[in-house]
Amino acid sequence: MELRSGADPRRNALLCLVLVVSHCVSVLGCGPHYQHAIEEFCLAKFKLDMHELDQRHWCNWEDTVELYGELTNCTYLVAVKMGCFWPNQLVDEFFIHVHRHYFHDCSLSGRLLRDPPNRILGPFIVVPILVTLLMTALVVWRSKRSEGIV
Amino acid sequence: MAIVGHALSIASLLISLAIFFYFRSLSCQRITLHKNLFCSYVLNSALTIMYLAGVVNDPELVRRNPVGCKVLHFFHMYMFGCTYFWMLCEGIYLHTLIVVAVFAEEQHLHWYYLLGWGFPLVPASIHAVARKTYFDDNCWMSAETQLLYAIHGPIVAALLVNLFFLLNIIRVLVTKLRDTHRAESNMYMKAVRATLILVPLLGIQFVILPWRPENRLAGEVYEYVMHVLMHYQGLLVATIFCFFNGEVQAALKRQWMQYKMQWGQRRKDHCSMRSTSYTATSITEVPAFMYHHDCNSEHLNGRHTDDSELVALKTGETYA
Chain A
86 MELRSGADPR RNALLCLVLV VSHCVSVLGC GPHYQHAIEE FCLAKFKLDM
136 HELDQRHWCN WEDTVELYGE LTNCTYLVAV KMGCFWPNQL VDEFFIHVHR
186 HYFHDCSLSG RLLRDPPNRI LGPFIVVPIL VTLLMTALVV WRSKRSEGIV
Chain B
140 MAIVGHALSI ASLLISLAIF FYFRSLSCQR ITLHKNLFCS YVLNSALTIM
190 YLAGVVNDPE LVRRNPVGCK VLHFFHMYMF GCTYFWMLCE GIYLHTLIVV
240 AVFAEEQHLH WYYLLGWGFP LVPASIHAVA RKTYFDDNCW MSAETQLLYA
290 IHGPIVAALL VNLFFLLNII RVLVTKLRDT HRAESNMYMK AVRATLILVP
340 LLGIQFVILP WRPENRLAGE VYEYVMHVLM HYQGLLVATI FCFFNGEVQA
390 ALKRQWMQYK MQWGQRRKDH CSMRSTSYTA TSITEVPAFM YHHDCNSEHL
440 NGRHTDDSEL VALKTGETYA
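Chains as they are written, first to last, in the numbering used here: chain A, 86 to 235; chain B, 140 to 459.
Next up, chain A with everything else stripped away, as it sits in the complex (with noise of 0.2 Å):
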């Protein structure tokens, strides 16, 4: 028991001492350094090419995909430059950030909606009014039948 409390304390002050060690390393290199950095280097980038896609534009995935992964290439290149680990926390701030400000109205069910092919529009428009037509010419026929005494 007393071996074990003597041996406890030591070990405790070794973590923590690894800990603030690594967190040092961490703050100095991947702290606002890196945010700074991939702010820097990397969202300009993206914000100039997402202003020259038009706006209406940046809910359709074929259009900003291209976009979306170099911006992410470029935080993991300057992570690995700094040292740091990729992804982290950092990386994840500033995602939510950038998706705040450019997907924020885009729709749950996928990016931007569309029309379905026209051979699926076609039958939806077509079988209605083929249906309407078919309804008229059965109550016309109906009221012409019944109206048979004068």
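Incorrect hints may appear among the rest.
Said to hold, decoys possible - Listed next, the in silico BS3-like pairs over lysine-lysine satisfying Cα-Cα at most 25 Å (straight line): (1) A:K229 / B:K329; (2) A:K229 / B:K399; (3) B:K329 / B:K174; (4) B:K315 / A:K229.
In short, the hints are calculated from the structure, not lab data.
Given chain A, work out where chain B should sit, using these hints.
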């Protein structure tokens, strides 16, 4: 501003319905169809007001996207269809009455009720299914989708069929019946004229909708006209079918005369001059405007003299 149009429409339609229900003498099968048509317009305007005020003006609700707003949209589309299909019922009724079986009125209205109230569920349901599967935006508010043609297509088809029927009626009235049944054809020409004015008015919004002019002044005029055509429809229908109807006007005038004489009678009784009351009551017995009736006058229970032409028809005179 659209809400103002719909509110005015509801007011005028409710007044017309009150007139139709109060004056029992007016009621016949065509008026029954008018009552159903007016009911569908009232419900349509009410749902449109609910949709505009509750959903379109509330971006927070649209962002939350509850199921209720899609259900409201579904019912809105259903009532929108109902109004046009009741107009079609009016056209089919007149067509059956005039062209198919000459002026004999006892049709079974069940099929008309089915077409007017039941059938619009079909395009509304098809649109709802298609929208949910392929274009499920928030509250289904977007008008950019071609899936809306699942509702507009049948409506335009109904309007075209209606127009065709009405033109056919005009053709028959003018060519075949002019010589043999002049009084009747005059009578029914007025009925058809009212419907024939309304159908293009209701339909023209679909024709000119895609063609907004580029010119600024013409664009303003276009917006104004479209606004009136789309949101004041109930008012137009009530005016043309009820307020401009000769028989309704006659009934209202009779009622007004009765009230005036009752007040006058009370005053005169109070002054104890009773001799005037006998001359006053005789005025109400004047038969009113026999040839301006839209309904078959035999339903007015013998208030009119001399329906010899109608009697001749009734005794089995048919025509090819």
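Consistency of the hints with the structure:
1. Of the pairs offered as hints, the one joining K229 of chain A and K329 of chain B holds, with about 23 Å between alpha carbons and a cut-off of 25 Å not exceeded.
2. Note on K229 of chain A and K399 of chain B: the hinted pairing is violated, with a Cα-Cα distance of about 46 Å set against a maximum of 25 Å.
3. The suggested pairing of K329 of chain B with K174 of chain B holds, with an alpha-carbon distance near 19 Å, which does not exceed 25 Å.
4. Proposed proximity of K315 of chain B and K229 of chain A is supported: the alpha carbons are some 19 Å apart, at most 25 Å.
Checked against the numbered hints given earlier, this structure breaks only hint 2.
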